[in-house]
Amino acid sequence: MSAPAVAAAGVWKYFGDYPALCDVRFDLDAGECLALLGRNGAGKTTLLRILGGLSGASKGEVRIDGGEVRASGTRARIGWLGHSIGLYDELTARENLRTFGALYGVPPATVTDWLERVSLAHVADSPVREYSRGMRQRLAVARAFLHGPRLLLLDEPFTSLDDKAIALLQSLLAAARTEGATIILSTHQLREAMELASKVALLDRGKLVHFGERTSEMVGDPGYLYRTYGSAA
Amino acid sequence: MTTLRHAAAIARKDLRSEFRTKESINSTLSFSVVILLLFSFAFDPSPDMIVEFGGGLLWMVFAFAGALIVNRSFARELPNDCIDVLVSSPASGASLFLGKAVAAFVLLFGIECICLPVFGIFYNITWWRSLGGLMGVLALGTWALACAGTFFSALTMNLRLRELMLPMLLYPMLIPALLSAMMLTNTLLTGQPIPSDFTVWLRILIGFNIMFTTLSLYLAETILVR
Numbered sequence: 001m002s003a004p005a006v007a008a009a010g011v012w013k014y015f016g017d018y019p020a021l022c023d024v025r026f027d028l029d030a031g032e033c034l035a036l037l038g039r040n041g042a043g044k045t046t047l048l049r050i051l052g053g054l055s056g057a058s059k060g061e062v063r064i065d066g067g068e069v070r071a072s073g074t075r076a077r078i079g080w081l082g083h084s085i086g087l088y089d090e091l092t093a094r095e096n097l098r099t100f101g102a103l104y105g106v107p108p109a110t111v112t113d114w115l116e117r118v119s120l121a122h123v124a125d126s127p128v129r130e131y132s133r134g135m136r137q138r139l140a141v142a143r144a145f146l147h148g149p150r151l152l153l154l155d156e157p158f159t160s161l162d163d164k165a166i167a168l169l170q171s172l173l174a175a176a177r178t179e180g181a182t183i184i185l186s187t188h189q190l191r192e193a194m195e196l197a198s199k200v201a202l203l204d205r206g207k208l209v210h211f212g213e214r215t216s217e218m219v220g221d222p223g224y225l226y227r228t229y230g231s232a233a
Numbered sequence: 001m002t003t004l005r006h007a008a009a010i011a012r013k014d015l016r017s018e019f020r021t022k023e024s025i026n027s028t029l030s031f032s033v034v035i036l037l038l039f040s041f042a043f044d045p046s047p048d049m050i051v052e053f054g055g056g057l058l059w060m061v062f063a064f065a066g067a068l069i070v071n072r073s074f075a076r077e078l079p080n081d082c083i084d085v086l087v088s089s090p091a092s093g094a095s096l097f098l099g100k101a102v103a104a105f106v107l108l109f110g111i112e113c114i115c116l117p118v119f120g121i122f123y124n125i126t127w128w129r130s131l132g133g134l135m136g137v138l139a140l141g142t143w144a145l146a147c148a149g150t151f152f153s154a155l156t157m158n159l160r161l162r163e164l165m166l167p168m169l170l171y172p173m174l175i176p177a178l179l180s181a182m183m184l185t186n187t188l189l190t191g192q193p194i195p196s197d198f199t200v201w202l203r204i205l206i207g208f209n210i211m212f213t214t215l216s217l218y219l220a221e222t223i224l225v226r
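Protein sequences, first through last, are from chains S and R.
Here our numbering is used: the first residue of the first sequence is 1, the next is one more, and so on.
Here our numbering is used: the first residue of the second sequence is 1, the next is one more, and so on.
Chain S with its partners taken away, still in its complex shape (with noise of 0.2 Å):
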């Protein structure tokens, strides 16, 4: 039997004495999309991080493909969107993906192919910080689904996006689940994540109250899971 795409073993993360993170276990067969859910604060970017590496669990374990996360094999495997858009300003388009992408062993032709993707071939030469906020965005989702990722890691991807910018988005999530990608993305905007999410998950404080299939109460009601369980509502 093959290692679920990720597995989170008793994840505690402390900031201080404060539990940021207490005992979150799930586990998620590759291609599976899974919405993280949670009022602010609750927990969502801290899992998020730790699920890409970014910061260590205080205890637990996490796995991705059966491998240790900060295993420079696993992290080529992650494509990580973060609150901000992960660019550098004063580069072209062109350049900051051609920096990402030399990072992940990915040929300029790709880069190229991406910038068609996400129609800014036309500016791929001027700087990013020329850009509107609705092509830097669009830049970013090139730039974390540049190398093809098994495991994409989403914060709150559909924050701030225009419309053009998140009907892509949907139709690559769409697209790499297809492929066989897993996808864990934390939002607020429930009804785009219902739209995508094969599971769902609500962190409340720091637990995981609930993980599980998503059913079609929540599709019809978004906000059915929030008052289904508890003091997250």
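It is worth saying that the hints were derived from the structure and are not from the lab.
A few of these clues could be false.
[To be verified] From the structure, some residues in chain R lie toward chain S, with a derived Cβ separation under 10 Å: (1) 2; (2) 8; (3) 9; (4) 10; (5) 17; (6) 77; (7) 79; (8) 83; (9) 85; (10) 88; (11) 89; (12) 90; (13) 91; (14) 224.
[Said to hold, decoys possible] The following residues of chain R were derived to be distant from chain S, with all beta-carbon distances above 12 Å: (15) 34; (16) 43; (17) 64; (18) 129; (19) 132; (20) 163; (21) 196; (22) 197; (23) 203; (24) 218.
In this text the structure is predicted, and so the values were computed from the model without any measurement.
Every residue gets a Cβ at the ideal spot worked out from N, C-alpha and C, and that includes glycine.
Given the coordinates of chain S, assemble chain R onto it according to the supplied hints.
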């Protein structure tokens, strides 16, 4: 090999960013030239005096200029949370550190190569008589500055008072390297080769570089993943 490839990509990116914004280059170069100019007017030194304190003056200027450059090393990654993307990439902490240290070295060494002729003009000194030795000492001293500076830049990256904390941590640690570089530079400015009783300073400088480079490469991952 992969570490070196990743380090080269980081160094290229840092140098490209710096040459585009010129944030560190402009401030460092103007600071260095002004200090050299002011001291030449303040002291009006004789050639004998210059040989005695020239190395100290040069390394004081380079140490302050170096702090300005390394301060930007990891601070450059903070806007738009670029550091998160770098840390989540396959590049190891050691390769990120190495790339940034190399970029800081290139920038600082370039500034020093511009400062040397300025120093020669203002202080009327023939500084190129032991050019090979002088360049070697400059390279060793600059690597000490770049390596230790980049290490502390990573350590203080998330501090609110990082511009204040970095020099406070860096300068005491740099004393052995700066002292060695200064003593060796003083000798080389006379045009003489390094005498045998001065090789101890060379050994200290090389030892400092080996120790700090090894320690930084080993600890970089721990510092960057919090």
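Consistency of the hints with the structure:
At about 7 Å, the closest approach between the beta carbon of residue 2 (chain R) and any beta carbon in chain S falls short of 10 Å, and the interface hint on this residue holds. For the restraint placing residue 8 (chain R) at the interface with chain S, the shortest Cβ-Cβ distance is roughly 8 Å, inside the 10 Å limit, so the hint holds. Taking 10 Å as the C-beta cut-off, the interface hint given for residue 9 (chain R) holds, the closest approach to chain S being about 4 Å. Interface restraint check: residue 10 (chain R) against chain S, minimum CB-CB distance 8 Å, threshold 10 Å, status holds.
The interface hint given for residue 17 (chain R) holds, since its Cβ lies 5 Å from the closest Cβ of chain S, which is under the 10 Å cut-off. Taking 10 Å as the C-beta cut-off, the interface hint given for residue 77 (chain R) holds, the closest approach to chain S being about 9 Å. The beta carbon of residue 79 (chain R) comes within 7 Å of a beta carbon in chain S, closer than 10 Å, and the hint placing it at the interface holds. About 9 Å separates the beta-carbon of residue 83 (chain R) from the nearest beta-carbon of chain S, less than 10 Å, and the hint is met.
Annotation: interface hint on residue 85 (chain R) holds; nearest CB of chain S at approximately 4 Å, less than 10 Å. Interface restraint check for residue 88 (chain R): the shortest CB-CB distance to chain S comes to about 4 Å, inside 10 Å, so the restraint holds. About 4 Å separates the beta-carbon of residue 89 (chain R) from the nearest beta-carbon of chain S, less than 10 Å, and the hint is met. About 4 Å separates the beta-carbon of residue 90 (chain R) from the nearest beta-carbon of chain S, less than 10 Å, and the hint is met.
Taking 10 Å as the C-beta cut-off, the interface hint given for residue 91 (chain R) holds, the closest approach to chain S being about 5 Å. Against a cut-off of 10 Å between C-beta atoms, the interface hint on residue 224 (chain R) holds, since the closest Cβ of chain S lies about 9 Å away. Look at residue 34 (chain R): its CB is around 26 Å from the nearest CB on chain S, clear of 12 Å, so calling it non-interface holds up. The claim that residue 43 (chain R) lies off the interface holds: its Cβ sits roughly 40 Å from the closest Cβ of chain S, which is beyond the 12 Å cut-off.
Every CB of chain S lies more than 12 Å from the CB of residue 64 (chain R), the least distance being 25 Å, so the non-interface label holds. No beta-carbon of chain S is positioned within 12 Å of the beta-carbon of residue 129 (chain R); the least distance is around 41 Å. Non-interface status of residue 132 (chain R) relative to chain S is upheld: no Cβ of that chain comes within 12 Å, the nearest being about 34 Å off. For residue 163 (chain R), the shortest C-beta to C-beta distance to chain S comes to about 20 Å, beyond the 12 Å cut-off, and the non-interface label holds.
For residue 196 (chain R), the non-interface assignment is confirmed: its Cβ lies about 46 Å from the closest Cβ of chain S, beyond the 12 Å cut-off. The claim that residue 197 (chain R) lies off the interface holds: its Cβ sits roughly 47 Å from the closest Cβ of chain S, which is beyond the 12 Å cut-off. Listed as outside the interface, residue 203 (chain R) is consistent with that label: its C-beta sits roughly 36 Å from the nearest C-beta of chain S, beyond the 12 Å cut-off. Look at residue 218 (chain R): its CB is around 15 Å from the nearest CB on chain S, clear of 12 Å, so calling it non-interface holds up.
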